[in-house]
Amino acid sequence: MSTDVTAKSPAPAPPGKSGTGTGDGLLKLMVDGLRSNMRQYGMLIALGVIVVLFAVWTQGDLLLPRNVSNLVLQNSYILILAIGMMIVIIAGHIDLSVGSITAFVGGVAAVLMVNNDIPWPLAVLMCLAIGAAAGAAQGFLIAYLGMPSFIVTLAGMLVFRGLTEVFLEGQTIGPFPEGLQKVANGFLPEVGPNTNYHNLTLLLGLVLIAAVIWQEVRDRRQQAQYSLEVLPASLFAVKLAALSAAVLVFTMLLASYKGAPVVLLILAALLVGFGYLMRNGVIGRHVYAIGGNLPAAKLSGVRDKKVIFLVFLNMGMLAALAGLVFAARFNAASPKAGLNFELEAIAASFIGGASMSGGVGTVLGAIIGGLVLGVLNNGMNLVGVGTDWQQVIKGLVLLAAVGFDVWNKRKGTS
Amino acid sequence: MAGPVLEMRSIVKTFPGVKALSDVTLTVQQGEVHAICGENGAGKSTLMKVLSGVHPHGTYEGDILFDGEVCTFKDIRASEQHGIVIIHQELALVPYLSIAENIFLGNEQATRGVISWNETLKHATELMRRVGLTDHPNTRVADIGVGKQQLVEIAKALSKKVKLLVLDEPTAALNDEDSDKLLDLILELKDHGITSIIISHKLNEIRKVADSVTILRDGQTIETLDVKAPETTEDRIISGMIGRDLDHRFPERTPHQAEEGAAPALEIRNWTVHHPIDQQRKVVDDVSISVRRGEIVGIAGLMGAGRTELAMSVFGRTYGKYAGGSVLKDGKEIRTKTVPEAVKHGIAYVTEDRKHYGLNLIDTINRNITLSALPKVAKRGVVDGHEERKVSEGYRKSMNIKAPTVDEPVGKLSGGNQQKVVLSKWIFAGPDVLILDEPTRGIDVGAKFEIYTVIDKLAAEGKAVVFISSELPELLGMCDRIYTMAAGRLTGEFSRAEASQDSLMRQMTKDKEVTR
Numbered sequence: 154m155s156t157d158v159t160a161k162s163p164a165p166a167p168p169g170k171s172g173t174g175t176g177d178g179l180l181k182l183m184v185d186g187l188r189s190n191m192r193q194y195g196m197l198i199a200l201g202v203i204v205v206l207f208a209v210w211t212q213g214d215l216l217l218p219r220n221v222s223n224l225v226l227q228n229s230y231i232l233i234l235a236i237g238m239m240i241v242i243i244a245g246h247i248d249l250s251v252g253s254i255t256a257f258v259g260g261v262a263a264v265l266m267v268n269n270d271i272p273w274p275l276a277v278l279m280c281l282a283i284g285a286a287a288g289a290a291q292g293f294l295i296a297y298l299g300m301p302s303f304i305v306t307l308a309g310m311l312v313f314r315g316l317t318e319v320f321l322e323g324q325t326i327g328p329f330p331e332g333l334q335k336v337a338n339g340f341l342p343e344v345g346p347n348t349n350y351h352n353l354t355l356l357l358g359l360v361l362i363a364a365v366i367w368q369e370v371r372d373r374r375q376q377a378q379y380s381l382e383v384l385p386a387s388l389f390a391v392k393l394a395a396l397s398a399a400v401l402v403f404t405m406l407l408a409s410y411k412g413a414p415v416v417l418l419i420l421a422a423l424l425v426g427f428g429y430l431m432r433n434g435v436i437g438r439h440v441y442a443i444g445g446n447l448p449a450a451k452l453s454g455v456r457d458k459k460v461i462f463l464v465f466l467n468m469g470m471l472a473a474l475a476g477l478v479f480a481a482r483f484n485a486a487s488p489k490a491g492l493n494f495e496l497e498a499i500a501a502s503f504i505g506g507a508s509m510s511g512g513v514g515t516v517l518g519a520i521i522g523g524l525v526l527g528v529l530n531n532g533m534n535l536v537g538v539g540t541d542w543q544q545v546i547k548g549l550v551l552l553a554a555v556g557f558d559v560w561n562k563r564k565g566t567s
Numbered sequence: 006m007a008g009p010v011l012e013m014r015s016i017v018k019t020f021p022g023v024k025a026l027s028d029v030t031l032t033v034q035q036g037e038v039h040a041i042c043g044e045n046g047a048g049k050s051t052l053m054k055v056l057s058g059v060h061p062h063g064t065y066e067g068d069i070l071f072d073g074e075v076c077t078f079k080d081i082r083a084s085e086q087h088g089i090v091i092i093h094q095e096l097a098l099v100p101y102l103s104i105a106e107n108i109f110l111g112n113e114q115a116t117r118g119v120i121s122w123n124e125t126l127k128h129a130t131e132l133m134r135r136v137g138l139t140d141h142p143n144t145r146v147a148d149i150g151v152g153k154q155q156l157v158e159i160a161k162a163l164s165k166k167v168k169l170l171v172l173d174e175p176t177a178a179l180n181d182e183d184s185d186k187l188l189d190l191i192l193e194l195k196d197h198g199i200t201s202i203i204i205s206h207k208l209n210e211i212r213k214v215a216d217s218v219t220i221l222r223d224g225q226t227i228e229t230l231d232v233k234a235p236e237t238t239e240d241r242i243i244s245g246m247i248g249r250d251l252d253h254r255f256p257e258r259t260p261h262q263a264e265e266g267a268a269p270a271l272e273i274r275n276w277t278v279h280h281p282i283d284q285q286r287k288v289v290d291d292v293s294i295s296v297r298r299g300e301i302v303g304i305a306g307l308m309g310a311g312r313t314e315l316a317m318s319v320f321g322r323t324y325g326k327y328a329g330g331s332v333l334k335d336g337k338e339i340r341t342k343t344v345p346e347a348v349k350h351g352i353a354y355v356t357e358d359r360k361h362y363g364l365n366l367i368d369t370i371n372r373n374i375t376l377s378a379l380p381k382v383a384k385r386g387v388v389d390g391h392e393e394r395k396v397s398e399g400y401r402k403s404m405n406i407k408a409p410t411v412d413e414p415v416g417k418l419s420g421g422n423q424q425k426v427v428l429s430k431w432i433f434a435g436p437d438v439l440i441l442d443e444p445t446r447g448i449d450v451g452a453k454f455e456i457y458t459v460i461d462k463l464a465a466e467g468k469a470v471v472f473i474s475s476e477l478p479e480l481l482g483m484c485d486r487i488y489t490m491a492a493g494r495l496t497g498e499f500s501r502a503e504a505s506q507d508s509l510m511r512q513m514t515k516d517k518e519v520t521r
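Heads up: the sequence lines are chains W and X, in that order. Per this note's numbering, residue 154 is the first one in the first sequence, and the count goes up by one each step. Per this note's numbering, residue 6 is the first one in the second sequence, and the count goes up by one each step.
Calculated directly from the structure, the hints in this document are not laboratory data. The structure presented is a predicted model; accordingly, all values stated were derived computationally and were not measured. Quick reminder that beta carbons are idealized off the backbone N, C-alpha and C, glycines included. One or more hints might be untrue.
As the list claims (entries may be wrong) - Just the calculated beta-carbon pair ranges, DEER-fashion:
hint: 1; chain 1: W; residue 1: K459; chain 2: X; residue 2: D223; range: 30 to 38 Å
hint: 2; chain 1: X; residue 1: P380; chain 2: W; residue 2: N561; range: 32 to 40 Å
hint: 3; chain 1: X; residue 1: A83; chain 2: W; residue 2: S510; range: 50 to 58 Å
hint: 4; chain 1: W; residue 1: N561; chain 2: X; residue 2: E392; range: 26 to 34 Å
hint: 5; chain 1: X; residue 1: A83; chain 2: W; residue 2: L549; range: 41 to 49 Å
Stated by the list, open to error - BS3-like mimics (lysine-lysine), calculated; alpha carbons at most 30 Å apart, straight line:
hint: 6; chain 1: W; residue 1: K451; chain 2: X; residue 2: K326
hint: 7; chain 1: X; residue 1: K342; chain 2: W; residue 2: K458
hint: 8; chain 1: X; residue 1: K407; chain 2: W; residue 2: K562
hint: 9; chain 1: W; residue 1: K459; chain 2: X; residue 2: K349
hint: 10; chain 1: X; residue 1: K334; chain 2: X; residue 2: K24
hint: 11; chain 1: W; residue 1: K459; chain 2: X; residue 2: K381
hint: 12; chain 1: X; residue 1: K342; chain 2: W; residue 2: K459
hint: 13; chain 1: W; residue 1: K562; chain 2: X; residue 2: K360
hint: 14; chain 1: X; residue 1: K334; chain 2: W; residue 2: K458
Based on the provided sequences and hints, a complete structural model is requested.
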């Protein structure tokens with residue numbers, strides 16, 4: 154899974170980031186990158202170490218095609234939430250209600266699709282709108298009435314959890330229409346001749362590699378045109394090779410099982426879209442400015458209230474999407490769905506480089522943080538660590554990640 | 006008088022790159038009220054921080070003798086134990102605690118960690134009576150006015166058995182009535198044997214309470230005068246404060262000839278603003294100013310004159326509560342109720358507090374420069390990173406921002422370079438009118454000259470520049486016209502030819518009674 158398809162950020166050029174943590178080993182780039190973005194690269198390396206560790210520990214089971222596929226499906230909803238949560242945290246806020254909204258929308262979806270037989274694509278759109286409305290309501294209170302986000306979303310957490318129970322009357326409703334299940338749980342369709350690999354996935358991987366190379370080359374040419382610094386040709390070639398290799402390995406892994414999960418494509422689209430928006434979008438830039446220094450942003454003419462409102466609206470919509478994926482994956486809406494999801498998403502964001510005071514972090518970081526937690530979960534399950542100890546270890550990882558950041562910052566200032 | 010209670014001898018205090026105090030000597034007699042005055046940045050507050058142990062012994066040179074003893078305070082607690090209490094301009098009260106709790110904060114009336122509320126209330130009531138506070142001691146500090154809060158601070162000082170009370174511009178935030186009450190209280194405390202140092206630049210106030218006045222300028226003691234002596238006139242004090250050095254620290258500038266007829270680029274009419282919390286107080290009172298294209302217009306004033314408040318309230322109503330007045334751009338009335346509106350009409354405001362209001366310190370030079378005009382380097386909501394870098398690289402070179410690349414976080418830059426980033430940001434927004442608030446505060450001489458050159462160039466390009474500054478030589482060196490403000494009101498307007506440090510300072514220190 155390449156996460157760098159549209160990496161336009163000219164410098165410091167992020168080295169190849171790949172979900173499996175196979176870094177591109179470009180020393181100079183790594184050093185430059187480490188300097189400016191210690192936390193995220195630190196976490197990328199940590200993710201790599203964790204993957205290798207569990208791969209050895211599970212005698213390779215972790216990296217079996219089937220398990221990699223599973224890992225993506227298992228963590229998809231947390232990763233979707235983490236993307237939105239990262240943006241909220243960058244803006245200097247917090248959202249505690251997403252777990253409850255996830256459950257609430259799952260419940261609404263069940264009532265719409267199962268009880269009332271509304272066609273699933275229409276119901277999905279309605280659910281997304283409801284999530285957006287829930288987020289917008291909270292965003293309105295936070296942005297325009299100036300209520301603290303912690304309190305508004307804590308209330309939201311209770312309200313939507315309660316409403317879910319009311320809606321479902323305490324029961325579990327299912328099953329969901331097949332179409333939706335295929336989206337949440339399924340894989341890309343089989344096409345073409347039998348090659349022992351999943352053809353469409355292979356094709357997609359190749360297209361992705363081509364896109365990455367095209368993008369990087371175009372980027373480099375543009376930078377040269379603007380007479381900005383560019384990587385030396387040799388290093389550039391190594392970077393491209395490493396990026397391609399990472400994408401290829403991941404593609405092969407998926408293609409040798411059932412192919413790419415549909416959810417993976419959704420996730421990739423979200424990552425690319427939001428990553429691009431946060432890095433290159435005017436609104437993304439405004440989110441960073443608001444989180445970094447609100448008074449300065451205001452005095453620079455940033456419409457801070459509107460931006461905060463939209464950030465929460467977006468979070469609500471993503472929570473709805475996570476709710477749909479979750480409900481469809483388990484083929485039932487339950488009042489207990491999405492319990493503690495908000496905490497997982499928040500933990501993922503902080504592990505992935507967010508700062509409590511806002512203004513810092515990337516969407517990619519949230520994904521890396523989410524994957525660290527996901528691989529830990531999955532790996533510990535495989536080796537048979539009980540859920541009790543799993544929680545302890547995840548807590549310690551969060552502490553270590555943030556502690557490392559604090560230590561690193563202090564070293565920088567003194 | 007029973008001889009000196011405090012002697013500060015040859016105090017030298019350096020900060021990295023700046024000599025804040027170079028040889029200050031201060032002698033305060035037992036039982037007197039001693040005023041210290043000087044321009045902003047003369048070193049008054051630094052001197053008091055040295056005295057109170059905020060800058061501990063060892064970080065400065067020179068000796069402090071208090072009550073005949075050599076003092077080596079290592080923190081505020083140590084100086085307070087000796088009976089020296091300083092009341093800062095920003096009050097150190099906890100708004101949501103009661104008056105009584107605030108008075109005994111850090112000094113709780115407790116036995117073995119358990120507070121005795123009866124003791125607390127009893128002593129608080131006594132202390133409050135001494136400073137003339139009649140509120141109930143359980144009233145929250147947030148619920149009383151600034152004037153009374155000031156009295157709570159003094160009560161707190163009294164609870165610490167104060168011998169020497171230092172007040173840093175105590176009346177700057179007070180209205181006339183509260184100011185009078187406070188000054189009376191200082192005199193009353195004097196009758197009870199408490200020596201006070203009062204930092205102030207309100208000359209009528211100094212006249213009223215002080216026995217002697219020490220004038221500081223550029224970190225040096227200029228002189229100590231006996232206020233009651235007939236030769237100590239206001240003019241005498243003013244000439245001490247400003248000195249006579251106007252050297253060539255400014256670019257050569259051909260003064261702008263105001264074209265008759267053309268409407269001013271920016272005109273502010275009858276602008277009045279109330280304090281955001283204390284809504285009785287007029288922070289800006291019926292001020293009308295104008296600036297033409299190509300003109301640099303200065304606004305001179307001391308702390309609390311309302312210059313920043315005027316600028317910020319015009320710029321998107323970012324300060325205080327609007328109470329009247331209009332803004333005209335090129336002769337047409339415009340709305341500037343929000344910052345985006347003001348920016349749209351071509352107004353830019355470069356803040357005096359770049360760290361809090363000007364920059365996102367954790368972000369890069371690149372992103373700070375483009376923040377106020379991102380759409381200029383964006384298409385359909387997407388920033389063109391290459392174009393953006395080209396722009397910011399351009400400013401890095403033309404403004405001579407000293408940084409290896411534009412990807413450096415601005416928090417790492419020196420003050421002068423940070424200021425250049427803020428200026429770049431607003432120049433990039435392409436305004437017609439630039440309001441510069443203390444654009445050279447806290448930066449070194451070399452960077453100052455560069456910034457003057459930029460300002461000069463902006464005016465030459467036909468921009469209208471409003472230049473707010475506390476440094477008179479800077480205004481005299483740069484401006485075509487200078488307004489003076491005092492206590493929220495416009496007190497004078499001078500052409501380049503008419504303006505001198507004396508004439509300006511006289512209008513800047515005018516208080517209400519004097520102007521009437």
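We went through each hint and held it up to the structure:
1. W:K459 with X:D223: 30 to 38 Å: The hint (30 to 38 Å, Cβ to Cβ) is violated, given that K459 (chain W) and D223 (chain X) are roughly 47 Å apart.
2. X:P380 with W:N561: 32 to 40 Å: Because 35 Å falls inside the window, the suggested range holds.
3. X:A83 with W:S510: 50 to 58 Å: violated, 33 Å
4. W:N561 with X:E392: 26 to 34 Å: holds, 33 Å
5. X:A83 with W:L549: 41 to 49 Å: holds, 43 Å
6. W:K451 with X:K326: Given that 30 Å is the threshold and the Cα spacing comes to 17 Å, the pair holds.
7. X:K342 with W:K458: holds, 15 Å
8. X:K407 with W:K562: Cα-Cα ~23 Å, so holds.
9. W:K459 with X:K349: holds, 18 Å
10. X:K334 with X:K24: Since the Cα atoms of K334 (chain X) and K24 (chain X) sit roughly 43 Å apart, the hinted pair is violated (cutoff 30 Å).
11. W:K459 with X:K381: holds, 20 Å
12. X:K342 with W:K459: holds, 16 Å
13. W:K562 with X:K360: The given pair, whose Cα atoms are some 19 Å apart, holds under the 30 Å limit.
14. X:K334 with W:K458: Holds: K334 (chain X) and K458 (chain W) sit about 27 Å apart, inside 30 Å.
The structure fails hints 1, 3 and 10 (numbered hints given earlier, in ascending order).
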